[in-house]
Amino acid sequence: MLGLFKRATPVADACELGNSAVALPVRSGCTVPPSYPVVIVDARGSTRRAGAAAAKRMELRDGEAAYAFHPGPYTVDLLPFAGAPEIGLRTRFTIDAAEPHAAHQRFDLYLASEVAGRLGLDAFTAVMEGALQRELQDGGLDLPPCTSIEEWNAFRLGLNELLYMRCGVTVDDCVPVDLAGSRDYAAMLAARALRGDSEAPLLAPVAVPAAPACGVVEPAIADARALRRLFLELPCLMCGLRLAALPATPDQFRQQQALLQRLDLLSVGANAMPALGLAAPGQALGAAEQGRRAHHSRRATVSLDEAWALLARLKSATPASLAPLYDEAERIVANLEADCEGRRRTHAARGESEAA
Amino acid sequence: MSALPGGLAASGSTVSALPASAECRSLLADGSVLTVSATRRPRAGRADVKCTVPGDARLAERMQEVVRLARHTEQRFDSRDQVVIGIDRVPAAHERDWELAAVLADRMVRGLWTPRGQVAANGWSDAWHLGRVDGHALDVPAEVVSAAGMPVTLLGGPGGLAHLGQLSGHPDPGAAVSVARAWFPLHAGGSGDSLCWVEVGVYPVQSAADALDEEQAIAVPGQDAARQLAVRQALSGARHFDGRSGAARWRTTVRFGQPQFQGRSFELALVLADRIARGREFVPRGRLIASGQSDAWHTGRVDTVEGLAPKCALLLREAAPGDRILLPHAWQDALPDGFDAGLRALGASLACVERIGII
Chain A
66 MLGLFKRATP VADACELGNS AVALPVRSGC TVPPSYPVVI VDARGSTRRA GAAAAKRMEL
126 RDGEAAYAFH PGPYTVDLLP FAGAPEIGLR TRFTIDAAEP HAAHQRFDLY LASEVAGRLG
186 LDAFTAVMEG ALQRELQDGG LDLPPCTSIE EWNAFRLGLN ELLYMRCGVT VDDCVPVDLA
246 GSRDYAAMLA ARALRGDSEA PLLAPVAVPA APACGVVEPA IADARALRRL FLELPCLMCG
306 LRLAALPATP DQFRQQQALL QRLDLLSVGA NAMPALGLAA PGQALGAAEQ GRRAHHSRRA
366 TVSLDEAWAL LARLKSATPA SLAPLYDEAE RIVANLEADC EGRRRTHAAR GESEAA
Chain B
3 MSALPGGLAA SGSTVSALPA SAECRSLLAD GSVLTVSATR RPRAGRADVK CTVPGDARLA
63 ERMQEVVRLA RHTEQRFDSR DQVVIGIDRV PAAHERDWEL AAVLADRMVR GLWTPRGQVA
123 ANGWSDAWHL GRVDGHALDV PAEVVSAAGM PVTLLGGPGG LAHLGQLSGH PDPGAAVSVA
183 RAWFPLHAGG SGDSLCWVEV GVYPVQSAAD ALDEEQAIAV PGQDAARQLA VRQALSGARH
243 FDGRSGAARW RTTVRFGQPQ FQGRSFELAL VLADRIARGR EFVPRGRLIA SGQSDAWHTG
303 RVDTVEGLAP KCALLLREAA PGDRILLPHA WQDALPDGFD AGLRALGASL ACVERIGII
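Same order as they appear, the protein sequences are chains A and B. Numbering-wise, the working numbering puts 69 at position 4 of the first sequence, and it's gapless, one number per residue. Numbering-wise, the working numbering puts 184 at position 182 of the second sequence, and it's gapless, one number per residue.
If you're looking for bench data, these hints aren't it; they were derived computationally from the structure.
Computed from the model, here is a short list of chain B residues facing chain A with C-beta under 8 Å: (1) 81; (2) 175; (3) 252; (4) 286; (5) 355; (6) 360.
Below, in silico cross-link-like pairs of lysine to any residue (SDA-like), each with a Cα-Cα straight-line distance of 20 Å or less: (7) A/380 <-> A/301; (8) B/52 <-> B/114; (9) B/52 <-> B/62; (10) B/52 <-> A/407; (11) B/52 <-> A/413; (12) A/380 <-> A/216.
A virtual CB, placed ideally from N, CA and C, is assigned to each residue, including glycine.
The whole structure should be built from the sequences, with the hints applied where relevant.
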């Protein structure tokens, strides 16, 4: 009221950090113990780590946000297949200290672009699980029945790359576990039968990658977050593609150049995206069209997820196996172009499905 | 710009594995056969699906809606292609059995499903966006199938193809009954060799009265007593191997694609289909094809079976991208030269296993 009782508030529920929360927002004026690294996100979305002074007292400028995170290790059970709930992968991961060679830290970028407020361990696990399930379904990773030891080792390498590229975490250990003790598939099926709403499938495959990142139904907020992701992640993806996808032939070199050029245009386009609710300056757009636009921006974030997974695969690719990955990159870029175009339009294109 | 032709050439080399066109047939009420044909072409800013029906714009609209709804069950989305679907004769207004044929043609032309030979399909659905197939109005009689030379005949609905994921044996993610399929090679001496499926459906036990004996709750309709006993013993042994004793949790129904066959080499496929249905096994991307038996399923051991050479030849003919093939460990050293590489070239993967279970 009069500002008499104003004082530096501590980090909310600081005890959670390292248990049920991976990162917590820090307000200006808070003091953070030295064992917790602090990431500062400025108004333009670029990140930096706070200096490693003992017991940092945060001084933030206007528009800046800071997160304190616990480096772990965390142990979580990932479900590789949505249809097989009694078998899981017990995964232990850590969030590494800043790599001095890297221009940007992947985890910092994740915090800047996808996290708003608290990053809970369960939400973070859901993101990792979604990425893993999607990659297994698309064939980027293979975990078939009766996996042999060579297949398991190949899977582990792919999983390490995937989770690093997608979320910026380092997998220490990963073993298959029987989850029958904690999850009863029979009970889940019985509950499904009792509920009887076949209209809402328990495991909607399309919703998996997008849902955990933005558990928001408000289209305006979801759209703003999606655009933020496009704005922040497209330049980093271009950088990754330049580094990871070293072309093997002149044709591939040209293909890579063309892809980078298209991504560049996309990035420019994403920075100049029109507001969700406006058809023209001072002219509002109908709710149905807003929903269509938000749908396109949401689907563009799915393409971003796919692109990170593709970068992980490119890292361990041999020159012989590059061709299908380049094709995949073309598909992702084409999808991004289609969705950015759809997001920009003020009315549905001819023949476009409304319900989608 | 010069980059464009290079890009097209490189992507063309990988896309060339996909068929340029696909056909799927469907039987009409008046006995004639309708053909749904699908082709793929660069999208170039057009709609993702275009349907053409001579003289019936409303049917074309409905077909586009059906195909788009069925695509909701797919995760991978490609905005580069347009699929054009045409139909060679117009069904009566109330007939809906062509819907399944249209959906399958759309999947075939994009390489999501690769059947052997020609396909006939009859089925309709009110929930295509969930991948369900609710039923079919017409049976496709055997003489039509043999006359048109269609080795694959699919009828929608319970008892037939109830869910699109069933094409590769996967359970329906929204249903209260978990039904999984696995395939096993049947060796009948040369040209009669074929893959046969075994389907395991598990229902959670609801009341305590049902929960007396899990082995007695395994039904194998349409099979003789000896086969029923073999199925029950294999399943209860393999479930014992899970190490979860206690109350019975499942009522089980086992069905086979063919009523008559000899031998026990179906057991491995049966056991793995059961594990997938109960959510306790990694799920293959395509079909699971297995051959193997055991005298000690309670230890998880897999014993050898007969017919190595003809079965391997059959597998090389039948394997499709994403398929997982499991053979007994004893076959490892006797496999024909280039078998593994041949399967890998088809996109399938092979393992010779000593025991079931994770790693």
